[in-house]
Every structure is written in C-alpha cells, then in structure tokens.
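Novice: Chain by chain, the residues run as shown.
Number of protein chains: 4
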Amino acid sequence: MKNTFGQSVCVTLFGESHGDAIGAVIDGLAPGIDVDSELIKSQLAKRRPSGKTDTPRVENDNFQILSGVFNGKTTGTPIAIVIPNENTKSKDYNYGVARPSHADYTAYMKYHGYEDYRGGGHFSGRITAALVASGAIAINALKKLGINIGTHILCCGGVYDRPFEDVENEVLELQGKAFPVLSEDSEEKMTEAIVKAREQKDSIGGKIQTAITGMPAGVGEPWFDSVEGVLSHALFSIGGIKGVEFGLGDGFANAFGSQANDKFRYENGKVVTETNNNGGINGGITNGMPITFTCTVKPTPSIAKEQDTVNFIDRENAKIEIKGRHDPAIIRRVCVVVDSVCALTVCDLLAQRYGTDVFLKGLN
Amino acid sequence: MKNTFGQSVCVTLFGESHGDAIGAVIDGLAPGIDVDSELIKSQLAKRRPSGKTDTPRVENDNFQILSGVFNGKTTGTPIAIVIPNENTKSKDYNYGVARPSHADYTAYMKYHGYEDYRGGGHFSGRITAALVASGAIAINALKKLGINIGTHILCCGGVYDRPFEDVENEVLELQGKAFPVLSEDSEEKMTEAIVKAREQKDSIGGKIQTAITGMPAGVGEPWFDSVEGVLSHALFSIGGIKGVEFGLGDGFANAFGSQANDKFRYENGKVVTETNNNGGINGGITNGMPITFTCTVKPTPSIAKEQDTVNFIDRENAKIEIKGRHDPAIIRRVCVVVDSVCALTVCDLLAQRYGTDVFLKGLN
Amino acid sequence: MKNTFGQSVCVTLFGESHGDAIGAVIDGLAPGIDVDSELIKSQLAKRRPSGKTDTPRVENDNFQILSGVFNGKTTGTPIAIVIPNENTKSKDYNYGVARPSHADYTAYMKYHGYEDYRGGGHFSGRITAALVASGAIAINALKKLGINIGTHILCCGGVYDRPFEDVENEVLELQGKAFPVLSEDSEEKMTEAIVKAREQKDSIGGKIQTAITGMPAGVGEPWFDSVEGVLSHALFSIGGIKGVEFGLGDGFANAFGSQANDKFRYENGKVVTETNNNGGINGGITNGMPITFTCTVKPTPSIAKEQDTVNFIDRENAKIEIKGRHDPAIIRRVCVVVDSVCALTVCDLLAQRYGTDVFLKGLN
Amino acid sequence: MKNTFGQSVCVTLFGESHGDAIGAVIDGLAPGIDVDSELIKSQLAKRRPSGKTDTPRVENDNFQILSGVFNGKTTGTPIAIVIPNENTKSKDYNYGVARPSHADYTAYMKYHGYEDYRGGGHFSGRITAALVASGAIAINALKKLGINIGTHILCCGGVYDRPFEDVENEVLELQGKAFPVLSEDSEEKMTEAIVKAREQKDSIGGKIQTAITGMPAGVGEPWFDSVEGVLSHALFSIGGIKGVEFGLGDGFANAFGSQANDKFRYENGKVVTETNNNGGINGGITNGMPITFTCTVKPTPSIAKEQDTVNFIDRENAKIEIKGRHDPAIIRRVCVVVDSVCALTVCDLLAQRYGTDVFLKGLN
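Protein chains in written order, with our numbering: chain A, 621 to 984; chain B, 621 to 984; chain C, 621 to 984; chain D, 621 to 984.
It is worth saying that the hints were derived from the structure and are not from the lab. Note that the structure is a prediction, hence the values are computed from the model and not measured. Misleading hints may appear alongside valid ones.
[Said to hold, decoys possible] Each pair of labels, with its calculated beta carbon distance range:
{"no.": "1", "chain 1": "D", "residue 1": "N680", "chain 2": "C", "residue 2": "N937", "range": "29 to 35 Å"}
{"no.": "2", "chain 1": "B", "residue 1": "T708", "chain 2": "D", "residue 2": "G889", "range": "40 to 46 Å"}
{"no.": "3", "chain 1": "A", "residue 1": "N789", "chain 2": "C", "residue 2": "K939", "range": "54 to 60 Å"}
{"no.": "4", "chain 1": "C", "residue 1": "N789", "chain 2": "D", "residue 2": "N937", "range": "32 to 38 Å"}
[Unchecked claim] With a straight-line Cα cutoff of 20 Å, these simulated DMTMM-like cross-link-like pairs (lysine to aspartate or glutamate) come out:
{"no.": "5", "chain 1": "C", "residue 1": "K883", "chain 2": "C", "residue 2": "E894"}
{"no.": "6", "chain 1": "C", "residue 1": "K797", "chain 2": "C", "residue 2": "E926"}
{"no.": "7", "chain 1": "A", "residue 1": "K943", "chain 2": "A", "residue 2": "D674"}
{"no.": "8", "chain 1": "D", "residue 1": "K883", "chain 2": "C", "residue 2": "D934"}
{"no.": "9", "chain 1": "B", "residue 1": "K883", "chain 2": "A", "residue 2": "E887"}
{"no.": "10", "chain 1": "C", "residue 1": "K883", "chain 2": "D", "residue 2": "E926"}
{"no.": "11", "chain 1": "C", "residue 1": "K816", "chain 2": "C", "residue 2": "E793"}
{"no.": "12", "chain 1": "A", "residue 1": "K890", "chain 2": "B", "residue 2": "D934"}
{"no.": "13", "chain 1": "A", "residue 1": "K883", "chain 2": "B", "residue 2": "D928"}
{"no.": "14", "chain 1": "B", "residue 1": "K925", "chain 2": "A", "residue 2": "E894"}
{"no.": "15", "chain 1": "C", "residue 1": "K797", "chain 2": "C", "residue 2": "E812"}
{"no.": "16", "chain 1": "C", "residue 1": "K693", "chain 2": "C", "residue 2": "E658"}
{"no.": "17", "chain 1": "C", "residue 1": "K883", "chain 2": "D", "residue 2": "D928"}
{"no.": "18", "chain 1": "B", "residue 1": "K981", "chain 2": "C", "residue 2": "E894"}
{"no.": "19", "chain 1": "B", "residue 1": "K816", "chain 2": "B", "residue 2": "E941"}
{"no.": "20", "chain 1": "C", "residue 1": "K981", "chain 2": "B", "residue 2": "D977"}
{"no.": "21", "chain 1": "B", "residue 1": "K939", "chain 2": "A", "residue 2": "D977"}
{"no.": "22", "chain 1": "D", "residue 1": "K943", "chain 2": "D", "residue 2": "E819"}
{"no.": "23", "chain 1": "B", "residue 1": "K764", "chain 2": "B", "residue 2": "E790"}
{"no.": "24", "chain 1": "A", "residue 1": "K763", "chain 2": "A", "residue 2": "E941"}
{"no.": "25", "chain 1": "C", "residue 1": "K925", "chain 2": "D", "residue 2": "E926"}
{"no.": "26", "chain 1": "A", "residue 1": "K890", "chain 2": "B", "residue 2": "E790"}
{"no.": "27", "chain 1": "D", "residue 1": "K925", "chain 2": "C", "residue 2": "E894"}
Positions of the beta carbon are idealized from the N, C-alpha and C atoms, including for glycine.
Work out the full structure, taking the sequences as your base and the hints as a guide.
Specialist: Spelled out as structure tokens, the structure:
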C-alpha cells in the first residue's frame with residue numbers, strides 16, 4: 621500500500637501536477653451518505669490559492685464524480701473523483717537541478733529518471749485537491765454522527781493565534797473561515813508576515829492546531845493502531861508537515877505528572893476530564909474528549925532567492941533561482957487538507973470499530 | 621491489523637503485564653541473519669528498570685525463541701519470541717478506579733469489562749520488552765547493511781543534552797550506554813531531577829532524539845507511506861510518546877525557507893546536504909542523509925500523589941493514590957524501545973523497496 | 621481493502637455499468653515500463669463482445685490514462701485508467717425483481733437500496749474492462765522478464781479442447797487468438813454450442829485452463845500467501861468463476877501419490893519436474909515449472925427464459941424474463957480477464973520478493 | 621503479510637515441525653467470548669493421527685494460552701497459543717534430497733539453505749495444530765451467533781460419501797465425528813482404501829465438502845474481497861489442498877443457466893433459494909443460504925516407494941525412499957483444519973461488516 625490509506629474506509633490517490641488530471645478513489649464508505657457538491661466546492665475553494673498570500677496559479681477544480689454516487693448519495697461502492705488539471709505551465713522547470721528541500725532528487729533516486737518532474741509531478745501539493753474533495757464527503761458522513769473537525773493557524777511568522785478554548789463551537793466557526801484563526805486580529809498580522817516574506821523572496825512556516833469533537837470513547841487500538849499512530853501516519857502524507865503533537869504536545873516535556881495528568885470526573889452522567897492534555901486519547905484509544913493535536917508546517921521550499929544545489933543529471937554543483945508560481949506560506953491552505961485527511965481517517969476508525977453501516981445507523 | 625505492524629517485515633505483539641508471558645512474532649525477515657542472544661540480552665537490559673530512577677519491579681526477561689531461528693540464524697520464517705512474566709504482584713490494583721492519563725477507562729470502553737486490567741494488562745509498558753527483543757534482531761540485520769540507530773535523551777526535568785553533531789559516530793557510542801546522553805554531565809543532572817520528582821511523589825517527561833545513519837536514498841513513498849508517516853505510526857504505538865518531529869521539527873515554525881532549506885552539494889561524488897533540517901527525508905523519501913527526529917515523552921501517569929478520578933464501575937467520582945511500583949520517568953527506558961521500533965520499521969521499508977533478500981545480499 | 625488487491629503492486633477498481641465511467645488505479649508498478657497503447661487496445665478488443673456468441677452491447681472502450689505515464693513509460697507513481705461508458709440503455713432493468721444467480725438481492729442486503737442497480741451496477745462484468753486495461757500494462761512488464769501468460773477454453777457446451785502440451789509456445793500462440801483454443805476444431809464446435817444455447821433462451825458455462833511460464837523458483841509464501849491462495853483470491857473476484865484448481869486439480873482426488881508426485885530431475889543444469897501435476901507450486905512456493913490451473917465458469921445467469929424469483933422491495937414472489945442484452949456464454953471473454961488478473965498478481969508477487977525495481981533490473 | 625491472515629480478525633502462525641513449539645496469535649476477536657478448553661482439546665484430537673489410517677507420530681498437543689484470555693473469556697487483545705513439540709525424531713531426514721511434491725526444493729530456493737528442514741520445518745502439516753486450536757475459539761464465537769461449520773469426506777480412494785442434504789443438521793452431526801462422513805458405510809470402505817494404499821507403500825487423496833450455515837445475507841465484497849476469494853485464499857494455505865469449488869463447482873461446466881440458476885422465493889418471510897448451486901454466494905456476497913464448497917486434497921506426497929528426484933545441494937539426480945512416519949491419507953485430518961480456517965475467516969468477514977463487537981452483541 622503506497623498511495624492507499626485505510627483499512628475499512630480507504631482512499632487511493634493519483635495524479636501529477638502537470639498531467640491530465642489528479643484524483644482519488646474512496647472505498648468502503650457506507651451507502652446512503654449525502655454527497656454535497658456545494659460542500660465539496662467550498663472545501664476546494666478553501667484550499668485554492670487566493671489573495672496576496674498565495675501562488676498566482678489558480679485552478680478551477682472542476683471535479684467530476686465518476687462512480688459510487690447515485691441519486692446524490694453514496695452507493696457504498698468505490699467513489700472515483702477526478703479533477704482535471706487546467707492551468708499548467710511546464711516551462712518553468714529545469715530537470716536535473718534539484719530544488720532544495722523538494723523531492724526532485726529523492727524522486728530521481730526512487731524512479732530513476734522516469735518520474736514526471738513537471739511542477740513536482742506526483743509530489744506536488746496540487747494532489748491535495750483530491751484529498752480535499754474526498755474529505756468533503758467524509759466530513760459530511762461524520763457530521764451526521766455529530767463529529768466535527770476544525771483547524772486553525774496557531775502561529776505563523778511569529779504571530780500567535782490563541783489555542784482552542786470553547787472547542788465544540790470553535791470547530792464549527794472555523795469551518796466557515798477562509799483564513800482560519802480564532803483571534804480577531806491574527807489574520808491581518810499573519811497576512812502581513814506572509815506578504816513580507818514574499819517581498820524578501822522568502823517563505824515562512826508555522827503551526828496549526830486541530831480538534832475533532834464528538835468522538836465516542838473506545839475507538840482505536842492499544843499498540844500499532846493507536847489513534848495517534850493512525851492519524852499521524854495520515855497527516856505526515858501531507859507535504860510540508862514535519863511534526864505532529866497530540867494534546868499538550870511539546871508541553872509534556874517540561875510538565876510534572878501531577879500537572880499533565882487529566883483528572884476524570886462525571887459530568888451529567890458522562891465521564892469527562894478536567895483538562896485535555898492527552899488530546900482525547902489514552903493508551904491509543906479515544907476517551908470521549910475532543911481529539912486535539914498540532915502540526916508543524918515547514919516554510920514552503922520554493923523561494924525566489926538564489927540557492928546552492930546540485931544538478932543530479934550532470935552530477936555537479938549548481939545554483940537555482942526558482943521562478944514559477946509559488947506560495948510564500950502554505951499554512952492557510954494546509955488547514956483544510958488536514959481537516960480532510962482527519963475526516964477520512966476517522967471514518968476508517970469508526971467503520972473498523974462499529975462496522976461499515978455505522979454512517980447509516982448512527983453511533984447509538 | 622491491530623497488533624501487527626509492517627507490510628514486508630511484520631511484527632505482531634501479544635501479552636499482558638500480569639499474564640503468563642508476553643511476546644512477539646516477527647515475520648518476513650530474510651533468512652541468514654545472525655541472531656545474537658547477547659545483543660538481545662543487552663538490549664533488554666537497557667530497557668529493564670535499574671538504579672534509582674526506575675520502578676523496583678525488575679524482570680529477568682528470560683526470553684525464549686520458539687521458532688524461526690536454526691543454527692543461530694534466521695530461517696526466513698516467523699520468529700516467535702516469548703518472555704515469561706515472573707515478578708508480578710496483582711494485588712496493587714483496584715478495578716474500576718481509573719488511573720488518570722492511563723488506559724483503564726478507555727480499555728473498559730473498548731473491551732466492556734473483559735480486559736485483563738492487572739498491571740495495565742495489554743497496555744502495560746511491560747509489552748515493550750517484546751519489541752526490544754524483536755528489535756535486537758532487526759538491529760543486527762541493519763548493522764550488516766551499514767545502518768545504525770541511536771537515541772539519546774535531549775531533555776528531561778529541565779536539563780538539556782546537546783543535539784547530535786557527529787551523528788555517524790554518536791549513534792554508535794549511544795549503543796553502549798545505559799543512560800544514553802551525549803554531554804558528559806547530563807546523566808547526573810537528569811538523574812537528580814528524576815529522583816527529585818520521585819521524592820515529590822511526582823513524575824517527569826522529556827524529549828528524546830533519534831538518528832538512523834547509513835540509509836540509502838530513494839526509500840519511502842510520496843504520499844501515505846512517507847517515511848515520516850510510517851515511522852511516526854510505529855513510534856506512537858509506544859505508550860507515553862505524544863509528539864514526533866522530524867529534522868528541525870518545532871524549529872520549522874519560526875524559520876524562513878532560506879534558513880530551513882537544505883542546500884545540496886556533491887561531496888566525494890555523493891549528493892549530501894549542508895544542513896539536515898529535513899531529517900533525511902524529502903517528499904516522504906530518504907535523501908541519503910541521516911534520518912533524525914525527536915519524540916516527546918509525557919511524564920509517567922502513575923504518581924504517588926492523590927488524584928481525583930472516577931470509578932467507572934460504580935459510576936461515581938473517586939480519589940486514587942497509586943501504590944504499586946512505578947517509574948518517576950520512563951524516558952531512559954524509552955530510548956531502547958524507540959531504537960527497536962525504528963529498526964523493525966526500517967527493515968520493513970528496505971524489504972519493500974529492495975526485496976526480502978536485501979539483508980542477505982546487501983544494498984548493492 | 622475491498623476493491624484494492626495486492627501488497628506491493630496494487631490495483632483499485634471503480635465504476636458501475638451505467639455510470640459515467642469505469643476505471644482502475646495501479647500503484648507500485650516500477651518506473652520505466654513501456655505502456656503500449658496498442659496492446660491495451662488489442663486486449664480490450666479480446667474482452668469486447670463480438671460475433672454471434674456474445675451480447676450485442678458493444679463499447680468502444682476509449683480508455684484514457686490520467687496519470688502515472690510520462691513519455692510512454694510508467695513513472696512509478698499511480699496509473700489511473702478511465703474508460704467512459706457510452707453504450708448504456710438503462711430502461712431494461714426493473715429494480716426489486718432479483719435476477720436469479722445475479723447480485724441484485726445480495727447488493728440490496730449489503731447496500732440497503734442505495735446501490736446503483738442499473739445494468740448490475742458495480743457488479744457488472746463491464747468493470748472487467750478496467751482489469752484488462754490494467755493487466756495489459758502488467759503483461760508487458762512481465763514479458764520483459766520472460767514471463768508469459770495464456771488461457772484457453774478447456775471445455776464449453778460439452779466440447780473439449782485439449783490441455784496444454786507444449787506450454788511455453790502455446791501461451792504465446794494463445795495471445796494472438798480472439799477465440800482462444802488449442803485444438804483446431806474446438807472453436808467451431810464451441811461456437812455452435814453457444815449459439816444453440818442462445819436459441820434456447822439459455823446459457824452455458826465451461827472450464828478454462830491457464831499457464832504462466834517463465835516464473836522463477838522461490839516465489840510465494842508457505843502459509844497464507846501461498847501462490848495458490850493469492851492467485852485464487854484474485855481469480856474469484858471475476859464474476860462467474862466458481863472453481864479454481866491447480867495442476868492436476870480434480871484429478872488428484874483419484875490418483876495415488878506415486879502417480880501424482882512430480883519427480884525432480886536436472887535438465888541442462890536446472891531443476892525441472894517430469895510431470896507438472898502440482899502446477900508449478902510446492903508448499904505454496906513456485907518451483908520454476910509453469911504455473912497451471914483451471915477455472916470453472918458458471919453459465920451466464922442472464923437468460924431469456926422466464927424464471928421464478930422474488931421482488932425484494934414488494935417482498936413477494938415474482939417472475940422474471942430478462943430482456944436486456946446478454947451473452948449466452950462469457951467463457952471466451954473471461955480468458956483475457958483471467959490473463960490480466962494473473963499478470964497483476966504475478967507482478968505483485970515478484971515485487972514483494974525482489975523489490976519494486978525488479979521490472980527495471982530483471983530477475984537476475 | 622505472509623503468515624498473517626485477516627483484516628479485522630487476524631491470525632498469525634509460527635513454528636517448525638521439529639522446533640521447540642508451534643503456535644498462533646489471534647488478534648481482533650471481540651472480548652467476552654468463552655474460551656472452552658475442552659472444545660480446543662477435542663478439535664485437536666480430531667486433527668491428531670489416530671488408528672490405522674494415520675502416521676504413528678502422535679503429539680499430545682498440550683497447548684498453552686499465553687495471553688488474551690482472562691477468567692475463561694477473551695479479553696479482546698491478542699490471544700497467543702503455543703503448542704510445544706514433543707515427539708520429534710530428526711534423524712529421518714537427509715537434507716538436499718528433495719522429496720517429490722514436498723516443499724524441500726522450493727524452501728531451499730526461497731530461504732537459500734537457512735530453512736529449518738527437519739520434518740518439513742515450517743511447511744509441515746504439524747503447524748495446522750495451531751490453526752485448529754485458534755479455530756476452536758472462533759468456532760465458539762460463531763456458534764453464539766447461530767453459525768455452524770461442518771466438513772465431510774466426499775470421496776477418497778474411489779469411495780463416495782453422499783453430499784449434504786439436510787445441511788443445517790448435518791453440520792452439527794459432523795462436529796461430533798472422528799471420521800467425518802454422512803453415509804453410514806463410507807467410513808469402513810474409505811478406511812479400507814487408505815490401509816490398502818499404505819500396504820502398497822503409496823498414498824491417496826480425495827475431496828471434502830464443507831458447509832457454513834446461519835450466515836446472514838449481505839456479507840462480503842463485490843470484487844477482490846468476494847467471499848469466494850477470501851475463503852479460497854485461506855483454504856489454499858492448507859498444504860495438500862489443490863482445488864476449491866463453490867456450490868455446484870465442477871458441475872457448472874456442463875450445466876445450462878436455466879439449471880444452474882438458483883430461483884429465489886419467500887419462505888416464512890425470508891428470501892431463500894430453491895437450489896443452492898451458487899453455494900450461498902451471489903456476486904461475491906452472501907445471500908443467506910448455507911455457504912458450501914468442496915476442496916480437492918492431493919495424495920500425501922510422502923510415500924515409502926522409491927522415487928526419482930534431485931539432490932539440490934550436490935546438484936545431481938538422486939533417488940529417495942521416504943522412511944519417517946507419514947499418513948497414507950491426510951484427508952480425515954484435513955477436515956477439522958478446514959473447519960478451523962473457515963471459522964477464523966468468517967469471524968473476520970463478520971467483524972469487518974458489523975464491527976468488532978458483533979460477537980458480543982449478536983447479529984441483530
């Protein structure tokens with residue numbers, strides 16, 4: 621399994637940046653789930669470059685659903701989604717000159733020169749559009765079960781958004797935002813930092829924080845398929861994510877057990893925890909609290925500044941100035957991709973635990 | 621797949637803390653690998669509690685290899701390793717009263733009261749002994765290919781060890797250390813902090829840093845089976861690990877692209893990078909530089925202080941004072957577990973890429 | 621994994637008979653394999669209905685390769701193939717009246733009425749076109765390694781073709797035949813039997829025999845992934861196949877060990893067997909002789925005769941006369957599907973054993 | 621995955637004929653299932669050689685359950701079962717001289733001489749004892765859901781037992797039989813044939829027929845995970861099985877569609893079929909009728925007659941007279957192994973479809 625993820629609900633990705641189309645096949649999703657074209661479109665719109673912080677390459681993302689949907693609902697058989705590539709400019713790339721921190725060189729070492737290198741080929745962030753379209757269907761399936769997912773930019777360019785506080789409501793609020801932050805003034809300050817980086821022919825990264833609310837307790841596995849393990853596996857498939865921390869994350873390193881432990885108590889007959897430092901997961905299994913985690917996003921590797929590198933075809937040192945069209949920061953666009961990947965992963969976890977019909981029958 | 625990990629080289633775990641035995645089955649490892657009992661013993665010794673920083677529960681770890689080894693070498697068929705439990709005291713546990721940040725409550729929600737709760741049952745850190753024994757065989761297989769793994773405690777109780785500098789040699793040095801740190805004075809200071817935490821009936825966590833040297837370029841997959849994804853999946857199966865960051869990790873959040881990007885250059889005819897901020901992985905695929913990552917380890921949940929919690933059988937709030945025998949910090953003992961999990965995962969990645977005989981035939 | 625098969629080389633299927641398109645994604649195939657459009661077309665032509673023995677529904681099978689192919693060769697990343705449905709007539713189906721021996725009723729029990737029932741939906745033999753297009757790429761990859769696959773109709777309508785004799789050459793001859801039989805007069809007699817069945821508003825089945833030549837010894841696994849197990853798993857995904865027998869198959873039931881055992885001997889320095897009753901597989905692993913097996917194909921369930929059945933929507937007994945356009949025997953068309961499924965499965969077995977680059981580097 | 625089978629309920633096998641022990645790990649089975657030691661013992665007894673038709677090597681099969689069972693019930697975590705090897709005689713084997721139709725030569729080609737060759741090593745039928753012990757737990761889990769499995773010898777040595785007629789009751793009757801046949805006089809006649817084969821220093825095979833009753837409709841998948849595909853995959857892991865046919869099997873080859881199709885009708889408000897030629901499966905998915913299939917078992921390869929073969933170490937032709945202790949027919953002993961493998965596979969299919977708790981909660 622290379623481009624397929626999941627056991628009961630599986631997603632398979634395909635496509636290259638400058639090929640005919642990209643797409644995904646989602647298999648194992650229950651029948652009877654509403655496939656909401658408007659939601660798919662609005663999710664794709666969030667991922668699409670826009671405004672002054674992103675690359676000028678804008679695609680229409682005119683997705684087509686080739687199978688698995690009948691009368692507006694999932695049939696239970698594989699859903700194939702295809703998104704044609706339209707706005708491609710292949711002249712901007714010079715094969716052999718490795719863009720630092722990109723996959724040009726590693727692709728060459730893996731594919732021996734047969735890789736479609738144009739625009740990053742199969743490694744391009746473009747392919748995440750297929751994840752987002754697939755994820756939109758999963759998000760809808762989860763919403764019916766009372767499960768919601770939201771991601772905000774926690775920090776970017778030295779500007780910090782506040783962490784989740786009233787997480788149940790905040791995940792819903794975030795779903796409507798093009799620039800997903802919780803504090804009112806974060807958007808402006810972060811945008812400023814991003815624009816400034818672009819002016820300096822540079823790029824920046826940051827951190828994002830995600831919450832999944834409404835998860836039942838008792839989902840996940842003790843060892844290899846811990847919820848942390850499965851989610852991180854999926855998250856690290858997103859280019860640019862280099863760190864995943866659950867709950868308190870980094871903060872655990874300098875806390876005492878007495879501070880870090882989440883005290884249990886009954887609230888309205890339900891077990892809850894005082895704090896949620898463990899991010900909703902104990903021993904790899906959900907405890908019914910929101911799943912929370914942060915991802916570290918590295919600065920976009922494509923920068924306009926001249927960089928030292930190699931030409932791996934001519935086997936010599938080289939210099940590169942990346943022209944093309946690139947984002948000074950992908951962090952805004954990554955948020956919806958993370959939500960999508962989480963939604964697909966959570967659908968898989970639930971289908972494994974409760975059977976494939978859980979999305980029809982509900983959690984009880 | 622719940623307690624099985626890997627595609628070509630797979631490990632299956634079993635056992636409970638106070639059951640008859642714990643163990644593992646390793647499948648898919650090439651024939652002809654030396655199975656070095658002394659290495660297995662010394663690795664198990666590193667994981668075993670010892671001295672003043674750990675729990676007084678000490679097991680002999682008299683492992684038995686039931687299959688898959690013939691004349692001191694792997695046969696290529698499944699290797700079953702069993703480690704009997706000897707030093708068990710089951711009276712210390714009070715079923716129904718959930719230990720905060722432990723899996724008692726989540727196990728109950730998953731297994732409906734049928735779980736073997738004694739000593740944490742299947743969720744106990746005790747099971748990692750089976751990972752360590754299995755990993756020792758994998759470590760040996762990798763050593764023949766020139767691949768070495770080492771982990772040190774980067775910080776604990778506010779004491780910081782220095783990060784890797786001369787990583788090729790340092791991973792080898794670490795393999796011989798019972799308390800794996802790079803700076804001379806870290807051990808004493810960290811030990812002090814751990815002992816102090818115990819005296820306060822409390823516990824502490826920290827961060828560890830791992831390097832895998834000698835990896836060939838071109839291993840891993842672009843999307844779901846990125847090296848980051850596969851490694852993190854395996855690492856998060858280790859109880860207590862709540863964050864995994866590759867290369868610069870957290871540091872990416874506030875870096876510019878021009879700082880974070882790793883410049884390529886030729887060195888003795890081989891492509892290397894100036895810095896290794898990406899931790900040896902570009903686009904999910906190894907670039908030939910050492911794979912490096914840090915893991916955040918949460919403070920041991922078991923503390924002697926009284927804590928608020930619930931009794932999920934009586935369905936009421938409760939208080940708990942954890943008696944038993946516990947570590948004030950597991951961070952030292954986690955290092956060898958991380959090495960072991962990495963070794964098994966890297967064996968799997970190599971076998972997928974180069975075929976099952978790679979360990980016999982070598983990388984070239 | 622539901623519509624995905626394989627571990628190292630994987631194929632994912634999608635599509636419904638009367639939807640927009642059907643297709644497949646092949647992942648894990650090595651880079652650098654020639655993608656021969658003419659071969660894909662000629663393989664699809666073999667599967668396509670033609671002449672008097674088949675359904676009058678003829679599709680153009682204008683396949684498109686959306687990804688994974690660059691400059692006429694595989695890139696090593698997922699190959700998405702889409703085949704639009706063109707000649708669809710959806711009026712011929714009456715939902716709720718279960719066609720006997722078809723999947724109408726079982727689909728309803730699985731998908732709860734959300735299934736796309738038109739033309740058999742996802743269960744239609746139409747989807748095998750995607751297997752054939754995918755298989756054509758795999759067949760080409762294997763040919764480079766000296767591995768060839770051929771299938772002939774062993775019996776149909778009481779007419780028997782002779783079994784393989786000079787299998788190395790016969791598999792090559794079969795590759796060029798539209799009606800794949802070994803004896804000269806079998807085609808005419810079988811055609812006669814098929815036409816007669818159609819005239820009687822009935823259908824017939826038969827047996828087919830397949831050989832895979834050029835397989836190296838030492839491929840496969842002792843227990844669950846025996847070559848028999850993996851191949852049969854793939855073969856039984858083809859609708860209509862109800863039996864798979866390796867080597868002597870049925871004939872083993874009444875043979876003595878002394879007759880059934882294949883004597884080994886050296887021939888030109890290579891181990892061969894006198895007979896090949898075991899179909900090239902001992903203990904689940906290839907022995908270097910051709911892999912041979914037969915498949916039993918049931919008569920096409922769609923017949924024009926009136927049949928007793930149920931209406932599972934109205935929950936009452938019913939009668940059905942299947943109009944539509946159907947084959948009186950699918951056995952001719954199944955042969956190329958079997959070759960395709962075998963090719964994909966063998967590619968997977970080889971990639972697992974020898975690594976993903978085996979198709980580039982060769983078997984030695 | 622090599623020695624692991626299943627997705628939601630998985631079994632991992634290990635062990636060699638003359639090693640310390642054989643065993644299995646079953647993972648993913650629901651908590652709360654009764655583990656009945658007496659049933660495990662009686663199932664192992666059925667598999668054990670006995671009387672005049674079998675090998676004189678008799679093992680006590682003193683199985684130990686190391687984990688996953690607490691207070692007599694499954695905990696939901698991995699169940700490790702170990703069966704020590706006791707009665708081993710390793711002198712009877714002469715490494716390098718390949719026993720015809722055995723795995724000696726293929727094991728050498730796969731494991732390069734590192735395999736444990738003693739007594740067939742990992743390829744020995746001895747390992748099926750672990751499948752039988754595991755299967756006994758699965759059989760118990762299914763019984764609670766009203767699902768029963770039974771296998772009888774359909775033919776052996778030219779003697780034919782009658783096929784299933786009153787299958788619901790017959791599967792139960794078979795469970796109590798040491799020599800599983802339906803006709804009264806079959807046992808005596810078959811025994812005679814087997815004894816005669818032994819006297820002639822020869823061996824015989826046969827056919828067995830299996831039924832699984834009580835299966836709900838709607839289980840299985842349309843393409844690659846058809847019930848036929850999944851079951852055959854598991855069945856072909858049993859050494860000696862060379863053919864698997866569902867329902868009418870071979871009989872489909874010469875039937876007309878009008879004869880082969882199973883007419884549906886309502887009976888007491890439930891959909892049933894008149895005949896069950898499809899063996900309870902339409903389009904890969906269960907239709908609620910009993911699943912039925914036959915397996916062809918080849919004659920035991922080990923015969924006392926001198927045979928031509930090769931010595932693959934000396935690389936020359938050779939002769940062999942197999943001394944050791946062997947069965948002239950394994951067909952009686954295979955029946956309980958088939959039941960066990962089916963039970964594990966059906967548990968997996970149900971857990972995938974209805975969730976892991978199905979064995980606790982029941983099918984409705």
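Novice: Checking one constraint from the list: CA of C/K883 to CA of D/D928, max 20 Å. Satisfied?
Specialist: Roughly 6 Å between the alpha carbons, so the hint for C/K883 and D/D928 holds.
Novice: Can the restraint linking B/K816 and B/E941 be considered satisfied, given a maximum Cα separation of 20 Å?
Specialist: Satisfied, since the Cα-Cα distance of roughly 19 Å is no more than 20 Å.
Novice: Would the hint linking A/K890 and B/E790 be met if the CA-CA limit is 20 Å?
Specialist: Violated, at roughly 50 Å.
Novice: Taking the Cβ atom of C/N789 and the Cβ atom of D/N937, is their distance within the range 32 to 38 Å?
Specialist: For D/N937 against C/N789, whose Cβ atoms are near 27 Å apart, the range 32 to 38 Å is violated.
Novice: Going straight from one Cα to the other, do A/K883 and B/D928 come out at no more than 20 Å?
Specialist: Judged against 20 Å, a Cα distance of about 6 Å means the pair holds.
Novice: Keeping to a limit of 20 Å between CA atoms, is the pair of C/K925 and D/E926 held or broken?
Specialist: violated, 57 Å
Novice: C/K883 and D/E926 were given as a pair; does the straight-line alpha-carbon distance stay at or below 20 Å?
Specialist: It holds: about 11 Å lies between the C-alpha atoms, which stays within 20 Å.
Novice: Within 20 Å, alpha carbon to alpha carbon, are C/K883 and C/E894?
Specialist: The hint holds at about 5 Å.
Novice: Taken at face value, is the distance from the CA of D/E819 to the CA of D/K943 at most 20 Å?
Specialist: holds, 14 Å
Novice: Between the beta carbons of B/T708 and D/G889, is the distance compatible with 40 to 46 Å?
Specialist: violated, 55 Å
Novice: 54 to 60 Å was suggested as the range; check whether the CB atoms of A/N789 and C/K939 agree with it.
Specialist: About 58 Å separates the Cβ atoms of A/N789 and C/K939, which means 54 to 60 Å holds.
Novice: Hinted pair, alpha-carbon criterion (20 Å max): C/K981, B/D977. Please report holds or violated.
Specialist: OK: C/K981 and B/D977 at ~15 Å, within 20 Å.
Hints 1, 2, 4, 6, 9, 11, 18, 21, 24, 25 and 26 from the list above are not met by this structure, while the remaining hints are.
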